[in-house]
Amino acid sequence: MTALPRATEKALGLVIDLDTCVGCHACVTACKGWNDQGYGVPLSDQEPYGAHPSGTFLNRVHSYAVQPVDAAAQIVNFPRSCLHCADAPCVTVCPTGASYKRVEDGIVLVNEDACIGCGLCAWACPYGAREMDAAAGVMKKCTLCVDRIYNENLPEEDREPACVRTCPTGARHFGDLGDPESAVSRLVAEREGFALMPDMGTKPVNRYLPPRKKDRMQEASLLAPLLDIQATGFAGWLDRVLGKM
Amino acid sequence: MGQPKVDTSPKVSDEVKKTTCYMCACRCGINVHLTSGKVTYIEGNRDHPVNKGVLCAKGASGIMQVTAPSRLRAPLRRVGPRGSGAFEEISWDEALETAVAWMKPLREEAPEKLAFFTGRDQSQSFTGWWAQQFGTPNYAAHGGFCSVNMAAAGIYTIGGAFWEFGQPDWAHTKLFVLLGVAEDHDSNPIKIGIGKLKERGAKVVGVNPVRTGYNAVADEWFGITPGTDGLLILSLIHCLLAAGKIDLDYLARWTNAPLLVNEAEGPEKGLILKNAESQPFVIDRRTGMPAPWDGAGVQPDLGAVWQGHRTVFQHMAERYLSPDYAPEAVADRVGIDAARIRGLAAELARVAFDEAFELPIAWTDFRGDRHEMMQGRPVSFHAMRGISAHSNGFQTARALHLLQIVLGTVEVPGGYRLKPPYPKPVEAHPTPHFVAAAGKPLSGPHLGYVRGPENLALKADGTPWRIDKAFTWENPFSAHGLMHMVIPNAHAGDPYKVDTLFLYMANMAWNSSMNSARVMEMLTDKDESGEYVIPRIIYSDAYASEMVAYADLILPDTTYLERHDCISLLDRPISEPDAAGDAIRWPVVEADRDVRGFQSVLLDLGARLGLPGMVKDDGSPKFKDYADYIVTHIRRPGVGPLMGFRGDGTAEGRGEANPDQLARYIENGGFYQAHVPDGAQYYKPWNAAYQEWAVATSFYETPQPYLFSIWSEPMRKFQLAAEGQGFLQPPDHLRDRLKLAMDPLPVWYPPFGEAARAEFPVHAITQRPMAMYHSWGSQNAWLRQIHGKNYLYLPTSIWEAQGFGDGDYARVTSPTGQIVVPVAHMAALNPDTVWTWNAIGKRKGAWALDAGAPEAVEGFLLNHLISEVLPGAGRVSNSDPVTGQAAWFDLRVRIEKVGPRERAEPEFDVLPRVVPKGRTRA
Amino acid sequence: MNPAPSVIVFTVLSGMGFGFLALLGVFGATGAAAFFLWGIGYGLAVAGLVASAFHLGNPQRALLAFTQWRTSWLSREAWASVVTLGLFAPQALADWLGFDWGRGFGMAGAVGVALTVFCTSMIYAQIRAVPRWHHWTVPAVFLAYAATGGLVMGGFSPLAVPALCVLGVVMAIHWHYGARAFARAGQTMGTATGLGGIGAVSVFEQPHTGGNYLMREMIYVVGRKHAERVRMIAMVFSVMLPVIALAYVPGLVGVALAVLTHLVGALAQRWLFFAEAEHVVVLYYGQRVA
Ligand SMILES: Nc1nc2c(c(=O)[nH]1)N[C@H]1C(S)=C(S)[C@@H](COP(=O)(O)OP(=O)(O)OC[C@H]3O[C@@H](n4cnc5c(=O)[nH]c(N)nc54)[C@H](O)[C@@H]3O)O[C@H]1N2
Ligand SMILES: Nc1nc2c(c(=O)[nH]1)N[C@H]1C(S)=C(S)[C@@H](COP(=O)(O)OP(=O)(O)OC[C@H]3O[C@@H](n4cnc5c(=O)[nH]c(N)nc54)[C@H](O)[C@@H]3O)O[C@H]1N2
Ligand code: SF4
Ligand code: SF4
Ligand code: SF4
Ligand code: SF4
Ligand code: SF4
Ligand SMILES: [Mo]
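Residue numbers (this note's numbering), protein chains in the order written: chain A, 2 to 246; chain B, 10 to 931; chain C, 16 to 305.
If you are wondering where the hints come from, they were derived from the structure by calculation, not from laboratory data. Since we're looking at a predicted model, the values are computed, not measured. Hints may be right or wrong, so weigh each one.
[Unchecked claim] The calculated DSBU-like cross-link candidates involving lysine-lysine, where the alpha carbons are at most 30 angstroms apart (straight line), are: (1) C:Lys240 / B:Lys906; (2) B:Lys26 / B:Lys47; (3) A:Lys245 / B:Lys183; (4) A:Lys11 / B:Lys26; (5) B:Lys212 / A:Lys245; (6) A:Lys11 / B:Lys20.
[Claimed, not checked] Label pairs and their calculated CB-CB ranges: (7) A:Ala136 / B:Thr533: 24 to 30 angstroms; (8) A:Gly237 / B:Pro276: 32 to 38 angstroms; (9) A:Ala72 / B:Arg820: 31 to 37 angstroms; (10) A:Ala136 / C:Ala215: 37 to 43 angstroms; (11) C:Cys180 / A:Lys214: 55 to 61 angstroms; (12) B:Arg82 / A:Lys214: 39 to 45 angstroms; (13) C:Arg85 / B:Pro925: 25 to 31 angstroms.
All C-beta atoms in this analysis are idealised placements derived from N, C-alpha and C, irrespective of residue type, glycine included.
My request is simple: use the sequences and hints to build the entire structure.
Printed below as a string of structure tokens:
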């Protein structure tokens with residue numbers, strides 16, 4: 002199955018608003034919690050209480066400093082998970098067919114029963130979106146919560162990824178980026194959403210919304226003093242102010 | 010080969026139980042999924058008013074909290090020296106009998122010898138009541154080291170506080186200014202709110218020395234120098250006054266701006282002028298004559314001068330119009346350009362007045378005047394410990410409320426809205442009760458709001474009634490006590506010695522103490538007779554925290570999914586501006602260890618001690634357990650811990666106890682909401698419809714309309730005393746600071762740490778990490794992978810000046826201590842400030858972690874650098890002089906590069922284990 | 016990239032083994048020596064392949080790796096190596112037992128070797144996310160190593176010495192391009208995060224203080240000084256010492272010395288091949304050394 006479908010019926014993915022993400026890591030542990038008991042093997046942790054704790058997560062939140070030329074430095078929080086690329090190199094390199102891209106919705110998945118744990122797909126992914134589970138020896142990655150978004154055991158409103166459902170600021174959006182009329186596509190158009198490392202030729206589906214421009218408040222003339230208080234004294238000011246009532 | 014078939018509709022769980030999260034005080038609703046009786050997944054409850062379905066990182070990791078290997082297993086009795094960790098497991102009966110044997114004689118002879126202090130307790134109305142029945146004056150929860158400055162300044166000024174007691178009108182606000190907030194108790198609501206603003210493209214302004222989290226997404230960042238917010242705010246007020254951009258109508262109607270300040274020399278000077286009926290009055294613009302402040306149709310004159318007495322408004326305006334508050338005069342000290350200060354003032358004015366709007370909601374005020382519209386001003390503020398945790402925090406918080414008031418943005422559409430049972434004026438709160446008598450309960454609640462020196466908790470000889478010296482001249486408005494002073498005072502025998510220290514849920518031997526290393530010594534120090542200076546310590550924790558090793562008797566608690574809890578309107582409810590709300594926790598899984606819910610244990614102790622209200626006439630226990638108490642306890646006639654489903658199940662707020670109440674809460678998702686009626690949502694302190702509803706729903710017994718206090722009379726009373734007026738006089742060494750700090754108008758003075766400035770030029774502060782809760786996130790297998798060690802972040806100026814590089818450590822020296830810690834560079838930081846995440850550092854061996862855990866090897870606390878007393882004589886606590894709020898963020902340090910290292914200092918011995926080291930994850 | 020011993024051993028041994036097999040395939044051997052020599056060739060190639068299985072999380076499913084030859088170079092390599100080993104079998108048998116079956120199978124096998132080694136090299140060269148690998152010099156180096164490995168083992172000085180010189184040149188070119196490969200790929204923290212338009216991007220805080228697979232597997236930081244030293248070792252041992260041994264030390268001793276030194280050099284080169292290679296994911300962690 003490592004041939005990529007020529008086209009997918011939908012292009013489901015995430016849109017992440019970097020102007021809104023406060024870096025709370027809620028999506029990180031919500032993802033861990035759901036996937037620890039969901040699709041595939043649990044997400045194991047090594048030395049969970051030890052000196053070198055380490056474990057499998059499908060979504061990580063970075064925090065970057067950005068220094069504009071002549072303004073204060075900024076901090077941008079940056080969640081990173083699988084972008085469900087249209088031209089997913091992780092899929093084509095897979096020797097077993099375990100990695101594949103679904104025709105119906107474009108989700109890139111690992112069939113864990115066929116995964117030999119060679120790690121090649123993780124090498125092929127430019128975005129670090131795949132982590133091999135150290136206990137199970139199979140490759141784990143964001144499933145776009147394929148076991149939630151169609152899940153008939155969940156109420157309709159809950160059929161969205163765990164990370165989207167939990168995000169307190171609403172910085173994560175889920176939808177069909179293949180449909181230009183979808184809410185996510187319109188959001189991307191409106192806010193000039195961008196793809197990560199487009200030159201890597203992966204054609205990511207996920208989009209990021211850029212931080213809005215910052216630190217641009219200007220001194221405004223409308224705050225001119227009513228009069229020269231120094232000259233007229235407090236009484237003059239009082240007259241003038243109360244005259245407005 | 011075809012595409013594999015994926016089961017896209019797997020069964021999620023066998024069962025979902027709805028309860029309340031506990032990893033912080035936000036108290037979100039959670040759906041706990043159980044499979045074969047085990048918790049398998051936790052998600053937010055969409056119907057819950059607090060979180061509306063979302064969860065934070067801690068909430069979503071709750072599973073790891075419930076399975077943590079650090080959970081205590083059974084009651085423990087110390088068998089070796091204190092701090093040695095030598096304990097034996099004992100039965101609950103033995104544990105309770107031991108506690109009773111220690112406490113009973115104290116109650117009969119000197120109840121104050123028991124000091125009962127609770128940490129981030131979510132059952133304070135219950136624990137406080139227990140302490141009251143015991144009769145000790147020595148009770149408080151954690152508010153004194155947390156944010157009493159916010160609480161008290163809010164109550165004394167607008168009748169409600171920031172913290173979790175109010176919130177911006179998220180739906181309408183267009184400019185949101187956040188001062189000194191990294192996370193706060195209202196974690197998810199603030200995040201949801203910021204998300205809403207962002208969605209609308211509304212503007213967020215962050216005032217904070219550090220630009221992370223909320224401040225990172227803020228459209229404008231003001232990297233203020235710590236401790237100077239008051240100056241910035243008063244400068245903003247200066248600009249607004251000078252430009253006449255203030256809401257005169259609001260000031261005249263809803264605040265004490267039109268009241269007259271007594272200008273006559275003598276004992277009344279500076280108090281609000283009263284008429285023959287002892288009522289304050291205003292000058293009516295229509296007649297130029299005195300009129301009742303609450304008279305119908307009265308148009309108060311802000312500019313009035315009556316018999317030489319001027320209005321509060323004039324005093325206020327005169328003070329802040331002074332060039333001392335001009336942006337140019339303050340810019341250097343606050344670390345922000347004058348032009349940017351003016352820019353912010355202009356933006357506040359523009360949005361408040363040019364983007365003002367009206368909601369077509371008719372309402373009637375307490376004077377009987379009818380209004381067809383509600384005036385909206387879409388500017389809102391929120392502030393927390395960045396302001397609060399300084400020794401000028403109370404006055405700074407007052408200044409911020411004043412800014413809100415002059416803009417007319419409290420309790421109006423688009424502004425800051427209080428959550429029921431607030432607003433509530435000082436007058437509707439109790440005064441402190443503290444007189445202990447052998448064998449007797451206290452006559453009323455411990456904590457309250459002081460109106461004047463006559464309410465101070467001082468004995469006839471002038472010494473404090475309370476071990477923490479709350480409600481004394483040192484900190485008259487200490488409405489939440491001073492938990493951070495309990496151990497140092499008990500150790501010093503100042504004001505007296507106690508016998509038994511009873512602590513609940515506070516890691517006092519580590520991150521919640523100032524000067525932690527010294528506190529550990531205080532806990533193990535012995536006197537000449539070989540007895541411990543603090544003779545007995547009883548502690549309730551759920552986990553193997555640092556504090557556990559220092560107790561003599563451990564009462565192990567359950568985790569949050571294994572017990573009943575009550576989030577009550579009598580305490581810290583989960584209200585929204587549009588609805589009062591309360592909630593419960595209930596055992597969704599059974600404890601698999603010999604542990605008991607602390608509240609049930611406390612009731613059991615109370616019954617064994619025969620405390621009034623906890624035993625029946627025949628001496629048998631009155632309550633089966635805490636669940637029984639929650640349902641059947643009656644605080645005032647018809648009023649119990651929970652407001653919902655009372656009486657026959659339909660009564661709200663007031664009604665008989667309903668045995669079915671908990672079942673109804675569970676059915677309802679674990680919470681209840683009483684909705685504010687239409688027309689009563691805004692202008693609550695003055696809105697007749699709201700006042701009636703508040704009485705009906707039990708917040709007060711009669712309507713309590715009031716005016717916002719620009720001029721604080723209780724404060725002026727203390728200033729008068731300091732000036733020598735009156736019978737009750739402060740000690741001389743406190744006169745000057747009382748005169749300064751108890752100014753009836755908001756003032757700014759430098760934080761007390763400033764004295765050390767020359768030698769210690771750098772401010773050192775901490776921030777809450779969003780994904781960690783104090784010390785106890787570290788036992789969480791998922792969260793500790795995110796924050797397993799901390800760095801001290803250095804601004805570019807220091808980083809470059811000393812040539813720091815990756816992997817370097819620095820020696821950080823304060824006037825009282827020294828630590829050596831890993832550092833990292835941060836450009837988005839005030840140039841005179843360093844900071845780190847709070848409470849990541851752990852003591853080796855605690856929390857069931859490996860002794861080599863990064864938290865213990867490289868992680869560190871700033872607490873070792875913070876002194877609990879100010880330099881100089883008299884053991885004056887390092888706290889706000891008004892409220893006793895711990896001044897954590899006054900800390901000043903010096904930074905020196907030491908190069909690459911591998912471990913932070915100080916290093917402590919491995920804490921002896923009370924539970925086995927954790928190995929695998931459940 | 017993490018220089019995992021299993022992968023280093025795999026590529027070096029199988030490369031050398033296949034090279035030797037190709038040599039045998041073309042030139043042949045006879046009698047007991049044939050048995051012995053073919054045995055060594057097979058042994059090395061198979062040992063390499065077995066070593067690669069240690070790299071797998073679930074080796075019991077290794078057979079599945081044959082299924083995706085249409086898209087996956089790893090799968091192709093699996094097929095190529097098995098087919099190649101199969102093609103050589105009749106030739107080996109013939110050589111040993113003295114059947115005169117001509118060298119058809121051997122020649123075909125030699126072509127198979129070239130294909131196998133090419134497939135192996137393409138496993139790395141296809142990975143765009145590792146710019147240093149994503150270059151024609153990678154197959155060139157792999158092929159050159161296989162060829163020289165085979166020739167050196169065969170003690171075939173007249174061909175081996177020039178081949179070693181070619182290897183030296185190819186390796187130098189590979190390093191030359193490699194040094195600038197990351198920069199040439201044009202990816203920076205700015206493009207990785209999309210934030211470059213606002214200003215200079217750097218890491219403020221890592222997403223986790225604990226370890227993870229990415230950090231172990233892709234973020235291997237080798238000091239520049241270290242790299243230079245290993246490069247020297249690779250060049251001296253892979254090329255110069257074998258040339259000297261073959262030229263100046265006569266007989267089997269010379270060959271043995273040449274083989275050993277070449278092997279050491281190859282291991283060094285391969286270690287560096289991984290250790291020096293930077294995956295673009297390092298940009299997210301801000302851990303670029305260069
Ligand atoms: N440097 C610095 N120090 C600070 C602050 C700061 O900003 N900077 N902030 C201060 C503030 S505001 C606060 S509130 C304090 C907080 O400090 P603490 O109140 O000490 O907070 P925690 O570390 O959460 O510790 C509470 C204890 O409660 C225990 N616990 C957890 N769950 C349960 C339970 O269900 N039952 C029982 N019985 N126990 C439980 C934990 O195991 C832990 O031992 O820290 C203060 N210290
Ligand atoms: N995730 C998580 N949530 C928590 C907690 C937790 O431990 N973890 N703890 C809970 C508790 S007990 C509390 S008290 C609340 C506290 O919640 P916050 O009030 O958000 O407390 P801190 O994180 O201490 O943040 C103080 C902020 O003030 C800034 N600051 C310091 N000094 C100054 C100053 O002089 N001026 C200004 N403008 N800013 C300043 C700091 O940089 C920091 O951003 O959080 C609660 N919520
Ligand atoms: S949950 Fe939302 S706000 Fe929090 S880190 Fe994830 S994307 Fe950002
Ligand atoms: S982000 Fe990585 S793992 Fe996901 S589809 Fe793209 S290449 Fe594959
Ligand atoms: S690790 Fe698994 S999914 Fe990835 S390439 Fe190898 S077999 Fe395929
Ligand atoms: S979509 Fe699901 S699997 Fe992917 S990051 Fe979000 S929660 Fe994790
Ligand atoms: S904010 Fe997080 S930890 Fe606090 S109650 Fe809500 S979900 Fe739980
Ligand atoms: Mo706190």
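Okay, the hints, checked on the actual structure:
For the hint linking C:Lys240 to B:Lys906, the alpha-carbon distance of about 26 angstroms falls within 30 angstroms, and the restraint holds. Under the criterion of a C-alpha separation no larger than 30 angstroms, the hint pairing B:Lys26 with B:Lys47 is consistent with the structure, at around 12 angstroms. Between A:Lys245 and B:Lys183, the direct Cα distance comes to roughly 25 angstroms. Compliance with the 30 angstroms bound is thereby established for this hinted pair. Note on A:Lys11 and B:Lys26: the hinted pairing is violated, with a Cα-Cα distance of about 35 angstroms set against a maximum of 30 angstroms.
Between B:Lys212 and A:Lys245 the CA atoms are separated by roughly 29 angstroms; this keeps the pair inside 30 angstroms, and the hint holds. For the hint linking A:Lys11 to B:Lys20, the alpha-carbon distance of about 25 angstroms falls within 30 angstroms, and the restraint holds. For the hinted restraint 24 to 30 angstroms between A:Ala136 and B:Thr533, the CB-CB distance of approximately 43 angstroms leaves it violated. Remark: the range hint 32 to 38 angstroms for A:Gly237 to B:Pro276 is upheld by a beta-carbon distance near 34 angstroms.
At about 33 angstroms, the CB distance of A:Ala72 to B:Arg820 agrees with the hint of 31 to 37 angstroms. Range check, A:Ala136 to C:Ala215: about 40 angstroms between beta-carbon atoms, so the 37 to 43 angstroms window is met. Under the hint 55 to 61 angstroms, the C-beta atoms of C:Cys180 and A:Lys214, about 59 angstroms apart, fit the expected range. Restraint check, B:Arg82 to A:Lys214: a C-beta distance of roughly 56 angstroms breaks the suggested window 39 to 45 angstroms.
Distance hint check: the CB atoms of C:Arg85 and B:Pro925 are about 54 angstroms apart, inconsistent with the given range 25 to 31 angstroms.
In this structure, the hints that do not hold are numbers 4, 7, 12, 13, in rising order.
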